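> If you're matching them up, the sequences are chains F and C in order. When you number the first sequence by our numbering, it's gap-free, plus one each residue, and the end is 396. When you number the second sequence by our numbering, it's gap-free, plus one each residue, and the end is 537.
Simulated from the structure, these hints should not be mistaken for lab results. Small disclaimer: the values here were computed from a predicted structure and weren't measured. Ideal Cβ positions, reconstructed from N, Cα and C, are used throughout, including at glycine. One or more of the hints may lead you astray.
[Stated by the list, open to error] For the chain C half of the interface with chain F, some residues (derived, Cβ under 8 Å), not all of them:
1) 407
2) 408
3) 411
4) 414
5) 464
6) 466
7) 474
8) 485
9) 489
10) 493
11) 500
12) 529
[What the hints assert, rightly or not] Sample of chain F residues with no beta-carbon within 10 Å of chain C, all distances over it, derived:
13) 70
14) 241
15) 394
[Said to hold, decoys possible] Derived Cβ-Cβ restraints for the label pairs, each shown as a range:
16) 48/F <-> 524/C: 54 to 62 Å
17) 282/F <-> 448/C: 53 to 61 Å
18) 508/C <-> 282/F: 38 to 46 Å
19) 482/C <-> 201/F: 26 to 34 Å
20) 483/C <-> 81/F: 51 to 59 Å
21) 508/C <-> 198/F: 26 to 34 Å
22) 509/C <-> 138/F: 27 to 35 Å
23) 128/F <-> 408/C: 39 to 47 Å
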Amino acid sequence: MAKHRTRGRTAIVGVGEVPTGRFPDRGAISFALDSVREAIRDAGVDKDTIDFVIPTGALFSPQFSNELATARIVEELGLKGVVSNCQVFSGGSSSTNALRIASALIETRRARCVLFVHTDKLGTGVSAQGGIDLFSTAGISAEWEVPYGQHYSTVAALATTRYQYETGCTDEELSAVCVSNRKWGELNPHAFFRTPLTIDEVMASKMLSTPLRAKQSNMLFDGGAAFIVTSAKEARELTPQPAYVLGDGGAVTHFAYSQERDLTRFGWAAAAAQAFGEAGIAPSDIDVAEIYDSYPIFQLIAFEELGLAARGEAGGLFLRGETWPGGRIPTTTDGGMLSKGHIGAGGSVSLLIEAARQVMGKAGARQVPGARFAVETATGGTYMDSQVTILGNTVP
Amino acid sequence: MATPDARPAKPRPIVNAWAQPFWDAARAGRLLIQRCRDCGEPCFYPRIACPNCGAAALDWVEARGRGSVYSYTVVQNNAPSAFTADVPYVVAVIRLEEGVQMLSNIVDCDPSAVACDMAVEVTFQRLDDEFTLPKFRPVRR
Numbered sequence: 001m002a003k004h005r006t007r008g009r010t011a012i013v014g015v016g017e018v019p020t021g022r023f024p025d026r027g028a029i030s031f032a033l034d035s036v037r038e039a040i041r042d043a044g045v046d047k048d049t050i051d052f053v054i055p056t057g058a059l060f061s062p063q064f065s066n067e068l069a070t071a072r073i074v075e076e077l078g079l080k081g082v083v084s085n086c087q088v089f090s091g092g093s094s095s096t097n098a099l100r101i102a103s104a105l106i107e108t109r110r111a112r113c114v115l116f117v118h119t120d121k122l123g124t125g126v127s128a129q130g131g132i133d134l135f136s137t138a139g140i141s142a143e144w145e146v147p148y149g150q151h152y153s154t155v156a157a158l159a160t161t162r163y164q165y166e167t168g169c170t171d172e173e174l175s176a177v178c179v180s181n182r183k184w185g186e187l188n189p190h191a192f193f194r195t196p197l198t199i200d201e202v203m204a205s206k207m208l209s210t211p212l213r214a215k216q217s218n219m220l221f222d223g224g225a226a227f228i229v230t231s232a233k234e235a236r237e238l239t240p241q242p243a244y245v246l247g248d249g250g251a252v253t254h255f256a257y258s259q260e261r262d263l264t265r266f267g268w269a270a271a272a273a274q275a276f277g278e279a280g281i282a283p284s285d286i287d288v289a290e291i292y293d294s295y296p297i298f299q300l301i302a303f304e305e306l307g308l309a310a311r312g313e314a315g316g317l318f319l320r321g322e323t324w325p326g327g328r329i330p331t332t333t334d335g336g337m338l339s340k341g342h343i344g345a346g347g348s349v350s351l352l353i354e355a356a357r358q359v360m361g362k363a364g365a366r367q368v369p370g371a372r373f374a375v376e377t378a379t380g381g382t383y384m385d386s387q388v389t390i391l392g393n394t395v396p
Numbered sequence: 397m398a399t400p401d402a403r404p405a406k407p408r409p410i411v412n413a414w415a416q417p418f419w420d421a422a423r424a425g426r427l428l429i430q431r432c433r434d435c436g437e438p439c440f441y442p443r444i445a446c447p448n449c450g451a452a453a454l455d456w457v458e459a460r461g462r463g464s465v466y467s468y469t470v471v472q473n474n475a476p477s478a479f480t481a482d483v484p485y486v487v488a489v490i491r492l493e494e495g496v497q498m499l500s501n502i503v504d505c506d507p508s509a510v511a512c513d514m515a516v517e518v519t520f521q522r523l524d525d526e527f528t529l530p531k532f533r534p535v536r537r
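Hey, can you work out the whole structure from these sequences and the hints?
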């Protein structure tokens, strides 16, 4: 495969997002429409230049998800230039896969202006136990795992147990991830949890599945977001500071969680090698890391496998505040799913648009001064894939 | 949020036709895996073709039923509805001696006694008339 063919060829030119929360009186469609309208304004594009719409799936309702697949957003907003409305859904990695597809369409001139949109209503569209039950079947093998009581707490706990066994990572270090993400959540008006959190509070919370505690577990909310992708050339005409897509990489390593051969590494190293190779930068060049954090363990593993810390040493970085606001390597700066809230496939949509905001200089109180290069990670299902995207305010 | 009055029944495996010999054997107290006639690699869960080399010739072989705990967790709270009466229960990834991995439960022991790399052996627990699930217990010394 030819090298550096795609570096900086496309860019995110606009983002939109609604706050994460519980909105029983609002339909999920409203989160999508508000997000898209904001993204269109942010990009400064004419709505009718959008020629490709990529909605992702909504987990709370198959009926509603099908409406997204069948062009409801195009009709609601009267988008008149749309050639294709085509759903892209891979759970939590939908954002990366959609950006990869959008970039490919634009590079090959099959699309000019691609809109991606996510919305879901897991906070008020399903009951609390309904959410647990949904996530005891979604993406979990109905033949080989569901009958044994596997669900997302056990999925996270199984990786945590083995990782602690192999590296000596402590419960305190795992809890430090929650604290670090909360430091950022406090600065994000779109985050659900914005009050300070201490390691003691995390470690005193209810045990769910050993060693995983309640405050180390994400909670489900309503929310939505959108972003718009164009060619780099068009991006420069639209906005003074596009978020250039510098590189991406991925590795799909399993479907059934029990088939993963290394629950302490997954495919992150291979994905990162591809992404950094294409971007032409090194992990040490990264100014801000938006690392998928549905549970602390996955944030620690990806952080290390990307080369941002040595094996077994990420926990110490989080504990010492090197990932906090003002720290050496600001990490998961929107608060992540642990503080902003889990909105289905939107967990990594949030992180991707936060990475875009950071390199566009639009991150408000969370802005990392002089941020040039941001890395973002995403993973779907039971961490079936490892997806890495690198954005920059310049093309190296 | 209110707890449902009636707990749903335990989820039954949704069986792919080609895996039926596995479930028939489990009901008879035998743990089957597959082995590729071409490349010799063992395989679990049951496939229609070898995931290593792609050959369609997969033989059923009886596993020794011994392995080790690759990882585990003790479920204490927020279990799926059908499992709330079972807490605490142990979910584990087992590495069989043949090299394949499977999800199961560790039974017949104090959950706090389970550890990574602990030696375990298969035991069978009846779910209903149709299904018996292979589970694992510490190897008796």
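> Run every hint past the structure and note whether it holds.
Against the structure, the hints come out as follows:
no.	hint	result
1	407	holds, 5 Å
2	408	holds, 7 Å
3	411	holds, 6 Å
4	414	violated, 11 Å
5	464	violated, 12 Å
6	466	holds, 7 Å
7	474	holds, 5 Å
8	485	holds, 6 Å
9	489	holds, 5 Å
10	493	violated, 16 Å
11	500	holds, 6 Å
12	529	holds, 6 Å
13	70	holds, 28 Å
14	241	holds, 43 Å
15	394	holds, 42 Å
16	48/F <-> 524/C: 54 to 62 Å	holds, 58 Å
17	282/F <-> 448/C: 53 to 61 Å	violated, 35 Å
18	508/C <-> 282/F: 38 to 46 Å	holds, 44 Å
19	482/C <-> 201/F: 26 to 34 Å	holds, 29 Å
20	483/C <-> 81/F: 51 to 59 Å	holds, 55 Å
21	508/C <-> 198/F: 26 to 34 Å	holds, 27 Å
22	509/C <-> 138/F: 27 to 35 Å	holds, 32 Å
23	128/F <-> 408/C: 39 to 47 Å	violated, 25 Å
When each numbered hint is compared with the structure, violations occur for hints 4, 5, 10, 17 and 23.
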